[in-house]
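*Asks:* Given next are the chains, with one letter for each unit.
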Amino acid sequence: MTSTDVSIIETPPRRSTLLIAATAAPAILATMLVLVFVAFESSGTMVFAIEPANVAEAAGLGLGGETLRRVRMGEDATARLSVRPEIISSSVKSVTALEAAVFARQVELIRMFDRHGSIADPTLRRHLVCLAADLDVRDIVEYLGAADAATCFPGATRAAIVQR
Amino acid sequence: MIAGEVRLKANPAADASIGRSEATSPWTLAAYAYGLFVVLGLAYVLLDMPIQVADGYTNMIGLGQRSLLDGVYGEFFQRSYLRPLLWGQQHVVYTLANGRYFEWFRGWHVVQVLLLVVLFIRLQRPRSIVDVAVLPLGLAILLGMHTFIGTVVEAFPINTFMTILLCTAGAADIALGPPKWWRDLAALVLFVFAALTVESGLLVWVVFVAAWLTGARGVSKGAIVTLTVLFAGYFVLRFGVLDVGSPGLIERSSGYGFRSRDPQELIALFGADPWRFYSYNVVSSILSVLWSEPRAGVWDLTERLVDHVMFSRPMMVNMVASTLATGVLIRDVWMRRRRWRVRLFERADRIVLIFAAVLVANGALSYGYTKDVMMSPAGVFYALAVTVATRELIGQAPRAAAVTIVLAMLMAAMSAAWAVRAVAVHVAVRQSGMAVREQWAYLDQWLETQQNSASDPAALALQRQLQDDAIVRHPGKPALTGDWMTWLEGQ
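Protein chains in written order, with our numbering: chain A, 87 to 250; chain B, 13 to 503.
Since the hints were derived computationally from the structure, they do not count as laboratory data. Hints are supplied without guarantee of correctness; some may be wrong.
[Said to hold, decoys possible] Simulated crosslink set (DMTMM-like; lysine to aspartate or glutamate; CA at most 25 Å straight-line):
| no. | chain 1 | residue 1 | chain 2 | residue 2 |
| --- | --- | --- | --- | --- |
| 1 | B | Lys-489 | B | Glu-115 |
| 2 | B | Lys-489 | A | Glu-137 |
| 3 | B | Lys-489 | A | Glu-172 |
[Stated by the list, open to error] Beyond 12 Å from chain B on every Cβ pair, some chain A residues (computed):
| no. | residue |
| --- | --- |
| 4 | Arg-166 |
| 5 | Ser-175 |
| 6 | Ser-176 |
| 7 | Ile-205 |
| 8 | Ala-232 |
| 9 | Ala-236 |
| 10 | Arg-244 |
| 11 | Ala-245 |
| 12 | Val-248 |
| 13 | Gln-249 |
Cβ coordinates follow ideal geometry from the N, Cα and C atoms, glycine included.
Work out the full structure: start from the sequences and follow the hints.
*Replies:* So this is what it looks like as structure tokens:
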């Protein structure tokens, strides 16, 4: 017998409401949660997410794309800005985006700022080297100039930032 | 068969009408409405992902330098890979985009997902409350399979694997429908298109032949013969005429045992006896679909068991999800075995058997190296087969209260585990979008490491535009935080 000479007459399947609900509910709930999340975010309400409020927060979170966007929109990487305690640490409340990038240990961000000419001032450069040395971020120290780090007073730059 | 009694009667004309009513019902509409919700959720994160730098921007540079015909013709003469229509598809979208690359390429990715979900629902033919009740689980498996993630977290700038998912699911839809002359034509066109897009496109032939062998007559015998000639012709063209060859051991890293091995290690291990490595890859790929272990040839979960190391939460979720789903599938195969012995097949049987054929063939195609996404066609048919098997289980469940309660708990655990995996895919796409933006932010540094700085004015203009798209015009969403992420990251 082959499939070409038979047909099947089905009887309706038995239905267990409990089984149907148990199978469908978790997956449907997950889809609904995703859609609720999308609805919240689309309306501007961020849930389960930290949205940087300024370029310093973006750099402090190590977000290269968002940092670059804010720089292109005209935000000043050298301006001291307030950062929330959860961005870097509860003791760091006011930093520049450049300092925040060092706190975030992001040498790529420092390179990007450098390419944009934000670290042209030698005094600023030395300030960042000293901060990187205080935080023991060796790749940033090397990139900005290890020679300058030798002239830093250990811990002083970080302490000054914390005291702001 | 969904459930209940099967009665046989002689009916020579019944060939294509075996199965369930074609008529739509309110449940059908409910199924498509739910599918749309699923697509909306995924579309949100897909449209947040910029065109990537590596394999995205770098591939697009070439698209602007050759005409469609020149490019497609030139791709016939590449070494190791025969994928001329992949280049052709990218060129068509690139040309249609006319500068609006983000919108067209990212939009096309969303359209692909929409088409896949529509095909999935069409293949399930939801007509009753039970059909619709298992659909959310089916779609969660479709999206939550680890083989699926690679089809959405990246694009080159079109995701080739997703294209093949559409081709194989489309082939099943054509094959399982009623006989029509246009289905023969569509089958031939689909096969040529898929086979010349990427090697896994050959699975389209497997789908058509498996469907035909199980009694599906959407495509005629003549078309099946022609497809088989074309299938053989592909190998003659590739190895005899064009001498394209195939990738060797030295092409890429691949998992073996408890870790990934680089090409040099693979040559040292298997250089004299590559068939042992190829066999390992085939078996690993097949097991990966059924149990989510090994992953890309690496037995991570097993290693943790051996070393008494704690599983990560996603590992536990994967294990529960795959064990329950494959368990339901094995039960279903066992229940169907008597009908199969007398070659009695209807639509649900065919879906399960097409899955089996695609699983083996997909595994065989992955002989060279293992990678989750390479098994994505088998992953789609796994989702279809498990959905069919779950529907059957619900329909045949004994009425005893205790059994129903235990089954309900197992179904809820399976559905919840796959739901977590499906949500994890959204998180993975979002994180991939963030990673791509970082690539664009640090583009100069990346190009330096690749020693690949563009000097051509058109390439530079494209680079600037895509960077602006990624950074300024379509800024990313913020990173997700919270302990709950430990359930979702690293799926």
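*Asks:* None of the hints should be skipped; say for each whether it holds.
*Replies:* So, going through the hints one by one against the coordinates:
1. A hinted pair counts as satisfied when its Cα atoms are at most 25 Å apart, and Lys-489/B with Glu-115/B qualifies at roughly 17 Å.
2. Between Lys-489/B and Glu-137/A the alpha-carbon distance is near 8 Å, which keeps this suggested pair within the 25 Å criterion.
3. Restraint check for Lys-489/B and Glu-172/A: the C-alpha separation of about 18 Å stays at or below 25 Å, so the hint holds.
4. In this structure Arg-166/A is separated from chain B by more than 12 Å, as the shortest Cβ-Cβ distance comes to about 23 Å.
5. With a least CB separation of 16 Å from chain B, Ser-175/A remains clear of the 12 Å interface cut-off, as annotated.
6. The beta carbon of Ser-176/A is kept farther than 12 Å from every beta carbon of chain B, the shortest such distance being approximately 16 Å.
7. Interface exclusion of Ile-205/A from chain B stands, the closest Cβ pair being 15 Å apart, more than 12 Å.
8. With a minimum CB-CB distance of about 20 Å to chain B, Ala-232/A clears the 12 Å threshold, and the non-interface call stands.
9. Once the 12 Å rule is applied to beta carbons, Ala-236/A is consistent with being away from chain B; the minimum gap is 27 Å.
10. With a minimum CB-CB distance of about 25 Å to chain B, Arg-244/A clears the 12 Å threshold, and the non-interface call stands.
11. Interface exclusion of Ala-245/A from chain B stands, the closest Cβ pair being 29 Å apart, more than 12 Å.
12. With a minimum CB-CB distance of about 24 Å to chain B, Val-248/A clears the 12 Å threshold, and the non-interface call stands.
13. Listed as outside the interface, Gln-249/A is consistent with that label: its C-beta sits roughly 28 Å from the nearest C-beta of chain B, beyond the 12 Å cut-off.
When the structure is compared with the earlier hints, no violation turns up for any of them.
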